[in-house]
Amino acid sequence: MRKLYKTPHNTLLTLAAGLLFLSGVASAHHGSGISYDTGHLWSTWATITEFNYRNPHPSMTFDRTLKDGKVEHWQSELLTNPSALVRAGWTKSRSLEALKPGTKVKLYIGTSRAGGLDGIVMKIESATGENIVGERGTVTAVDMDGVPLGLQPAAKEVLPGAPGNDK
Amino acid sequence: MAKKNALMRVTGAIVTVLIALTAVPMEMRAQQRGGRGAGAAPDPGDTDTRPYDKHDFSGLWARNPQAYGLGPCTECRDQALAPGYGFFGTVPPRTAEGEKRLLANKPGRGYELNSKEAKDHPDVDSGYKRAVLPAFGNDPEGRCEPLGLMRNIAFSGGGATMEMVQAKANDKIIQRFEWTWDNREIWLDGRQLPKVEDYLPRFNGYSVGKWEGDTLVVTTNGFDDRQWLDQYGFPVSEKAVLEERWDRPSPNRLRVKMTLTDPVNYTRPWPASVKVWALIPTSKMSVGGWGGILEDRCVPSDEHLFNTFRDKAAGK
Chain A
1 MRKLYKTPHN
11 TLLTLAAGLL
21 FLSGVASAHH
31 GSGISYDTGH
41 LWSTWATITE
51 FNYRNPHPSM
61 TFDRTLKDGK
71 VEHWQSELLT
81 NPSALVRAGW
91 TKSRSLEALK
101 PGTKVKLYIG
111 TSRAGGLDGI
121 VMKIESATGE
131 NIVGERGTVT
141 AVDMDGVPLG
151 LQPAAKEVLP
161 GAPGNDK
Chain B
1 MAKKNALMRV
11 TGAIVTVLIA
21 LTAVPMEMRA
31 QQRGGRGAGA
41 APDPGDTDTR
51 PYDKHDFSGL
61 WARNPQAYGL
71 GPCTECRDQA
81 LAPGYGFFGT
91 VPPRTAEGEK
101 RLLANKPGRG
111 YELNSKEAKD
121 HPDVDSGYKR
131 AVLPAFGNDP
141 EGRCEPLGLM
151 RNIAFSGGGA
161 TMEMVQAKAN
171 DKIIQRFEWT
181 WDNREIWLDG
191 RQLPKVEDYL
201 PRFNGYSVGK
211 WEGDTLVVTT
221 NGFDDRQWLD
231 QYGFPVSEKA
241 VLEERWDRPS
251 PNRLRVKMTL
261 TDPVNYTRPW
271 PASVKVWALI
281 PTSKMSVGGW
291 GGILEDRCVP
301 SDEHLFNTFR
311 DKAAGK
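Chains as they are written, first to last, in our numbering: chain A, 1 to 167; chain B, 1 to 316.
Hints are all accurate, no fakes.
One side of the interface only, derived from the structure: several residues of chain A facing chain B at Cβ under 7 angstroms:
(1) S59
(2) E77
(3) S83
(4) V86
(5) D118
Partner residues aside, some chain A positions facing chain B, computed with beta carbon under 10 angstroms:
(6) R54
(7) M60
(8) Q75
(9) G89
(10) T111
(11) A114
(12) G115
(13) P163
(14) K167
Hints were generated in silico from the structure; no laboratory data involved.
Positions of the beta carbon are idealized from the N, C-alpha and C atoms, including for glycine.
Let the sequences and hints guide you as you build the complete structure.
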């Protein structure tokens, strides 16, 4: 995993605590955690364009408006899953309503290790700061709102299992 | 002085008795309290108000009772050899065929292939240290194929839950698994296991059970060899036989000790780590007032959509 990020120490500590809490969940379904850099989370405001409340993890597309007015189109999966959401009170209808297209939210994201406009969403906040469509709110991250590409891998890495790196 | 010594002796004796009482395992106390049909007061952590019947496993079970507003279950925590849920236990050496089959399976769980974490665990079997990005793996779960019995059991109870349904005629037990909405049957009617060659292999196999005291001993054969033993990709052959020893050591605990014998893949039997579940009242395991396990299916069209996101994230 890459490590070349400038992150305040207190943020890292909070993040570590949050991730320790989440680690059991990350491995619970489909091994999603390994595809993303969940060790370097960042946050951004975004506008939902699509949300799918489906197994094994909900997926979501969203737009980010940059400081220069340009718009980035991202896609993501959520760390959580529908069974955990429904037990936390986030039923399908409630979740779809909370994340209907056009809704502005603050997202806490780990970018895919391959880089690009793909990530895993660890936490979602509403415009009023409420933790939504999730069961916990301990995650914090580096604010990258309006910054092009958010937080990207510092260097291109050969991912485990990729052709040539599977032994 | 003599009076003081006598007082100290009495105090010492009381302390010794208290320590001895505390040292008596909960399990033993539970056994003393009640056998079949006994209706003694439950442990403080108990959630079941039915009479304690060691031969009745029916109910909803999970390994994270705190998620349902109950006290934590320390013994429910697995002796994991790697991150996640697995068969674990004492991993036997593999046969040449077993190693070949293992290497053909590419899991997305465990310690990452060639990672520092993998190198930091030299004593852990290599099977747990080869996780790749799921987009580059071939986990049958990623295609919504059936998980198979051992994987169903190992996974149930982390986030997913499990239900045991005991037929009133007491001729079978149905075990239901929340994740993938799967089930298996354990026949108690005295039938013999089928000859594997005469039947179609099944992902959950064919199971017969009999009581040995308060332990239900279940034997299963006839496995479909496309399944993985657990999420780490250990192979299972059609010649494999699983022995499960289930018991209910206290009113709100269910426990299983499993041993897999698979001469095609492993050079000796593989005893799993002990798995323990906590009983969850139906009222606490409910959504919108509807108690029970969820229909948490792996739907191929959902999985296909998810995999398009998964693959793009891996740069595929």
